[in-house]
Amino acid sequence: MKTITLTLKKFSSIALEFEELIPDTVYNWNKEDFENYQVPVGNSRFPLTNYFDIEVEGDAEGPEDVKMILEGDMGRVKYIGYRMTDGEIIVNGDADLQAGAEMIGGSLKINGNAESYVGREMRGGNIEVMGNVKEYCGTSYIGEWRGMSGGVIKVHGNAGKQLADCMSGGEIYIGGNCDILAGIHMTKGYIEIGGDVTRWPGGQMKNGTIVIKGKLSYLLEGFDPEGVFVDPEVDGKQLAGKYIKYKGDVGVNGKGSLWLDAEKNRNLL
Amino acid sequence: MVYEEPVTDYDHIVENCTCAFCGSNCDDLDYLVKGNHVVAVRHACRLGASKIMEDEDQRLKVPMMRDENGELQEVDWDTALDAAAELIANAVRPLFYGWSETSIECMKKGLELTEYVGAVIDNQATICHGPTVQAVQNVGYPLMSLGEVKNRADMVVYTGSNPMNAHPRHLARYSVFPRGWFRQRGRFDRTLVTWDPKFSDTAKMSDIWVPFEENGDYAFCNAIRAVLKGKELKEDVISGIPKQDIIDLTEAMKNVEFGALFFGLGLTHTLSKQRNIDIAIGLVQDLNAYTKWVLLPMRGHFNVNGFNIFMAYQMGFPYGVDFCRGYPRYMIGETTTVDLLNREEPDVFMVIAADPGAHFPGGANMHLANIPVIQIDIHWGPSTELADIVLPGTFIGVETAGTSYRMDSVPIHMKSAINPPETCREDEWIVNELYERVKKIKEEAK
Amino acid sequence: MEYILKNGIVYDPTNNVNGDKKDVMIKDGKIVDNVSSDAKVLDVTDKLVMAAGVDVHSHIAGPKLCLGRLYRPEDSRAGVVAKTDITRAETGFSIPSCSATGYRYSRMGYGTVTEAAVPPLEAKHTHEEIMAIPNIDVSPLALFGNNWFVLQFVKENDLEGLAAFVSSWLKISRCYGMKVVNPCGSEAWGWGQNVHGIDDPAPYWGVTGGEVVRALTKVNEMLGLPHSMHVHPNDLGHPGNYPTTIATLDVVKDIEKNPNVLRDQTIHCTHLQFHSYGGTSWRDAKSGAEPVADYINKNKHVTCDVGQVTFDETTTMTADAPMEYDLYKLTGLKWANKDIELETASGLIPVIYSPKSPVSTLQWAIGLELFLLIKDPWQVVLTTDSPNAGPFIRYPRIISWLMSSDRRTEMIENKEVHNWASKRTSLPTLDRVYDWNDIAITTRSAPAKILGLEKRGHLGIGANADVAVYDIEPENFDATKASNAAVVEDVLTRAAYTIKDGEVVVKDGKIVKIVPSRHMWTNVTGFEQQEKKVLEDIMPMFNRYYTVKFENYKVFDHYIDPAIEFTIDASK
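Protein chains in written order, with our numbering: chain A, 1 to 269; chain B, 1 to 446; chain C, 1 to 572.
Check each hint, because a few of them may be wrong.
[To be verified] To give an idea of the chain C side of the interface with chain A (calculated C-beta under 10 Å), a few residues:
1. Asp20
2. Lys21
3. Pro73
4. Ser76
5. Gly79
6. Leu333
None of these hints come from the bench; they were simulated from the model. For clarity, every value in this text was computed on a predicted model and none was experimentally measured. Heads up, the beta-carbon is just placed ideally off N, CA and C, and yes, glycines get one too.
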């Protein structure tokens, strides 16, 4: 097991790009390798040591043996865990854009808030965010109709707009509230939202499942009610309580299912 | 309105000039020229004519730099260009913004400079029709050249835009009033519809006004699409519109021979932004199963679409393109101007043919106040107040010829009618000069 | 600069050089028979030497390409390459950016490419893109098949007027030749409709596709344009369309070829694969390649290119807009459309050709059948209708299929492709292979001749010094072996040398020099009086129904710098 600890000592307002510092590339680096490494910043590269204190302990045979700990405010460190296939990254602070984007495996834990594009086009692995995420969590790349296809994203706080745009697999759990258009254009996969939702979940969805345990303020016309179910099993998951099931979005001949907690949404009964 | 006598005191007329105001790019203007001034403009709307004629007002005429007291002082061209080149050459996160009111020829030089130094290049789409472009990328883009509407359309819908005020000749020249090949009676052969919360001047002259509530656009379009799929609407009123009105409107749209939907920033900048466009495009695609429908965004500046086209053919991405890593990268929210400024990333900002000082959110402008700003423009404006170096350009379509792309992507060569002020330089020349000087600095540093 | 390419194995079918070991000499951008002692020697001993490739039909520049790039950032992202000291950044897989287009063709050893569809109203845009493409000369073809003036002339049977219009519009759009796409069908798309077959008239106009093709072909020969009528027939992509294709070719059979042209054909049928389907629906679709190939084998007035499917995720784009909407209804993927007033329509949609899909496999097999069933290689040219059936960077892979029937058999027997290849086509029974001479014909010599390009596609004295050298020894290499297919593909993808007008632009598969692409256009002379009259006649209609002024409609000189003007004397 190799533990790599990078402790922020200087905050750069120009973002650092961290896609080269994932377990897959650094598992055989020693401290000196990190000290010699130049990190991309804007149109230049500067020594990583300008920004971080570096500690490396233990050895690793492969990425699976690596634990990277990023200490401090990573609010200007982009692409943490980008395309990682294995190993573990822990961020003790906030994370910047694209955390866990295109992730294939391993785990990423953010003990703070995360910016937009968490887990964009994720294919596998686990992401856990203890705070909030902004827009486009678990989304596709702009123009790409095949979005997140696997893995699990768990957000304990709130999620911003357009969660999981074009989702085509995997699971997303939001503990808090969620802004407009969660699961827009989704074709497959599972989204569960613990809190309240403002408007229009599942707009233009073709398939997949959205579960909302809180109150929904606006439902789209494109959703047809299919009845009320008690303790339903949804995508192999046992939900507790009464749920209203909808099918949609009719506008695109969608066969997606939207489950709303019946108690919290009595107005729709 | 006061009656004004026609201008008769002029030396000569330059015909078929192209208006350098809005995205309609009317190319039928006649400039009446006297002593190297345009003294009158024929055929233009008031917006276009006033821009073309009253342009000497607040014109930037000499290069300027801020002195130690923070006052802009006149300097010679070499001093200003060298100082600007020095800033650009030493920047880590330079951002070059604007371009929508200059020529494609100038953009070419700008992109070379951008690529050379590893900057971000972006245009006004980032604050106007950027969401439209995103929606197009998500779901498609059934559009047409404006003559298709003129010759064929029997229903024209405007939504989230008020062309009577913002694109004054749009209805007259392209969409509603002109006699077309298949619409010989012009306005009488067409149904004009406006969907807009406001009773705008365009709504006032429409046959049908659909006043959906603010932020109701997405749900409104969603309801029409559901009706098209044969669904019975649940709610009696959707987005403020009675159910029956939506059903009737859907029927009417299905039964025209050729329908055109024009939309503006009223659609791109309400709550669900690009998703409004996304669903409107979906709606037009659905309607094509019944009859012919097309749509088009009402672009603002005369070359805002040109920049998106130019960047797409040069680099595969339409706006907000980041070259800091040596290859182009396009990621909304990450490589787009306002986001970068809000994050306080850029360390040098060059603005050309745009006015962020007037248009950007406060947070973005606060960062501009903190970093060196180079301005290339023809007018004194709020951005000049933020600028540290001012490089006076020339007026495309009046003083300098160049290529632009109309809102429907028709390319137009804009000719020049008069000479630019002697102390000004063409935008293309200025940007190329910066490029050459930055190259020299960088080569010497190697 | 002078060069001698020493001791290469040269394939130059135009000059009957078939794998001879010889030197190729270059001076001042031309092939010569003698150079001075200053000539730089490039040792290409035993390597494959050919004229640079010529593409008879591709989509590389112009409004619909740009729309594709604009609305498919996910495709742009798929081909991102960082800039180097010589090259600019590249993007795009199926729709590469302009610079990437030039580099990629150049790396494959190509020197001339036809941009197959230019709407005159937006011709400036096409030329702007050509200016941004390096290292290949481009011959753009203007769209005429749905132009209202053309429909009007055809309706009135005024061939003289039509000829003057065409000659004038080639000057205005600075195009090399004429293209017809789904004649009358794209006009019908103005109302959301299509036409079916060559006898189905466009709504309102009462003119049929067959009449348009016939009239324009007559005009083409009347003027003696270097290239022939270049037609994309009606009913593209519809099962059961092959009779329409044959009817289209047959409708011009009796039209006499202009005696002054280099080419042999009067009609070139493009992406024939998409037009050679039997059956009645996708359920019972089968190959129609045999009757089509049979017709071409019997008729010398026809040439074709294939539009070979390559099994990629690509972007379809065509002026056949109603077909694109049909495709949208089938796949639901994002659909774009661009109709151009008085001229044409166009549509785009991403497509995934999968070897697991029966339809894709059928299309793939039909393309190969056409290559193998048409006997005279001078009548059939390699294209993918890039990017429609696949991106042009796949040409080397197609060549590897043509050169090895073992590889084709392997693909079918190992189930790399769907069993429709054997159930619905005759491909498994075809064991013909192309040799290097055939490859040189189908990728250089034939397309150059079909386009009427005297100085391209061969290495004779006086030809343009556009040369490709590949790092393979034809005499010591068995391209028929299935296991060598990957080698063929690899080697042809990165030329050892590409020489453009006597300058080395590619070495060892890398771009070493950037030269501007030239805009090839045809200037018809001797027709000035008729042109003047026609312009006067049509001007009222132009002014009333276009939305730009005529003065601003044309392509000015600065959009075609540098240009190659092909001057035609129509009075001859």
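Open item on the list: For a quick check of understanding: which of the numbered hints are violated here, in increasing order?
Closed with: 1, 2, 5
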